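> First residue of the sequence shown? That's 1 in the UniProt record's numbering, and the numbers climb one at a time after it.
Since the hints were derived computationally from the structure, they do not count as laboratory data.
Just so you know, these numbers come straight off a predicted model, no measurement behind them.
The beta-carbon is built from N, C-alpha and C at its ideal position, and this holds for glycine as well.
Be careful, since some hints might not be right.
[What the hints assert, rightly or not] Across the chosen pairs, the derived CB separations fall in these ranges:
{"id": "1", "residue 1": "PRO144", "residue 2": "VAL24", "range": "44 to 54 angstroms"}
{"id": "2", "residue 1": "SER72", "residue 2": "LEU606", "range": "54 to 64 angstroms"}
{"id": "3", "residue 1": "ASP69", "residue 2": "VAL705", "range": "35 to 45 angstroms"}
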Amino acid sequence: LLSIAEETLTEFLSKATGTAVEWVQMPGMKPGPDSIGIIAISHGCTGVASRACGLVGLEPTRVAEILKDRPSWYRDCRAVDVLNVLSTGNSGTIELLYMQLYAPTTLAPARDFWLLRYTSVMEDGSLVVCERSLNNTQNGPSMPPVQHFVRAEMLPSGYLIRPCEGGGSIIHIVDHMDLEPWSVPEVLRPLYESSTLLAQRTTLAALRQLRQISQEVSQPNVTGWGRRPAALRALSQRLSKGFNEAVNGFTDEGWSMIESDGIDDVTVHVNSSPGKLMGTILTYANGFPSMSNAVLCAKASMLLQNVPPAILLRFLREHRSEWADSGIDAYSAAAVKAGPCSLPVSRVGCFGGQVILPLAHTIENEEFMEVIRLENMAQYRDDMIMPSDIFLLQVSDSSSTEIIMLFRFIYLYAVIAQVCNGVDENAVGTCAELIFAPIDASFSDDAPLLPSGFRIIPLDSKTDASSPNRTLDLASTLEVGPAGNRSPGDHSRNAGTAKSVMTIAFQFAFEIHLQESVTAMARQYVRSIISSVQRVALALSPSRLGPNASLRPPPGTPEAQTLARWICQSYRFLLGVELLKPATEGSDSVLKTLWHHSDAVMCCSLKALPVFTFANQAGLDMLETTLVALQDITLEKIFNDNGKKTLFAELPQIMQQGFACLQGGICLSSMGRPISYERAVAWKVLNEEEDAHCLCFMFINWSFV
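Working from the sequences, and respecting the hints, build out all of it.
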């Protein structure tokens, strides 16, 4: 074993500081003071490999202690069992480890490793922790295959930790694995052959953990709800672990598969083991045990094309009503509450608004936590278990995503979009997760969790991922022909080949005698979510917004250029002045000028419940929405009580006179954020026949409060 350990050390050092592997800079990484470190990936070697070098404000022994505890920072790590520890003559230690990694999707088995780990101190005082797989060719101890796992290989990898004068450490990290891609379906093999994905999910995760703990040591602040950062970090880790357990459904955790209903798109597992219930839904703050005595998980994986994971996940996070059923949200919380609850009845369109309130964030803003309030949930109050509003505690991590929902009773909602800080907006290989779980309103550190959610991983590591901050842009429809200028964030050039795999898993606590009914409900719900995601993904596809694409408004509405012309003509006719500064003739030029107008311009329908149908870029920014989601926002939703009174008082004048000038006040974005505006103008938009087509509002000098 010592011979193997010394050989592993030599090979590791040749990768960490030498040229044993050909390293290239990871695409999208920005060198400089704001970068997390120097990140490189392998080129042309066996398996996948990544290397990082960074400075952290922790002593070497503390760094080694943190990194050895892999399950605490590596979200894909299920467990590491230390089976034997041996001391060496040079004050080092040799450990024999068995490690299991979760499968990221439902389409391939999990991985495990049989490892030797060698820890030693070098002559210059550097601390080295290196690892490699043990196999039959080395005449070392062996580990028999484990059911439901594919044995992968770790090539010499590890950590070189050098002390710095004045404190802190310089750390070199090497991760090098052969994940046996032959054992997965061909469409998934890029997940197991991507060094970029390994760097993001493993190497960068280690650096982030070290930097975060270093900051917590130096600045032990208490964040929102009186929770310290370490407690919030542990909560996020528990959410991720619970979601991974649901996706994998290991039999040793008590999961068993339910027979298919004849359509194999959704897989259902059930778990009634005492261990699962003890860790998930035993008792709550009121002291009463839950009536539920089993857990069901419905899950599926689907292929997505031409939609960046970060943009899709951001949309799902901000516009829950596009895919969620409020009745099932209510059931999910009630099912783990004391007392029986009835199965939900789907109520399409009954979803209220949602308000996102910032709570906490990590040092590099790749992970943040929010409280989300889902409003107007009173329709599901059969036994008055909960109030009419639902709250969600939402954690977002740029390397993964989770969210929490609250009733009196919180939903832990963590958002993890894996867009590394220090990486360009168009960084490759960007993956994202959105995970949520009902939690008791006491929000205790050991509160039981039952996570559900989404995970999206790109399959083409060569395709640039788009910025998660880029809003769907009507301006991209204004360019005509190949000579048109692309906006800086345009990513349609890569849209033709971008593929990703989305994994969906939803868990439900239930009473065992209701298993058949809950199974049918869960299958139907996940299928409806798949349908919603496909619809949203199609709408968000950059290829639909490329320079040669045209805006496709709903049936019965004018084309964008025509609507822009009607808006400007009606304003000039009714108010006697020009809305826009004189510009080049042509309807497309009018639309472009209106789109970039500094004031927020938005149109709403002339219906009993007016909804928005168009907004320029400033309008979308003000409403904090996208063109796709705009039509879900009603006019009255953006006004507070005083604003509604003023609007209703002015409506007769608008309809009779054709326009009205409104005093400044406060309105609300789709996220519930208050917005002040200096004044507003409302006018009727007339079509070619001079009939009223819609109402247009312009909010002047607006800003978030």
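> Does each hint fit the structure? Answer for all of them.
Here is what the structure says about each hint:
{"no.": "1", "hint": "PRO144 to VAL24: 44 to 54 angstroms", "in the structure": "violated, 38 angstroms"}
{"no.": "2", "hint": "SER72 to LEU606: 54 to 64 angstroms", "in the structure": "holds, 57 angstroms"}
{"no.": "3", "hint": "ASP69 to VAL705: 35 to 45 angstroms", "in the structure": "holds, 43 angstroms"}
Hint compliance for this structure: hint 1 alone is broken.
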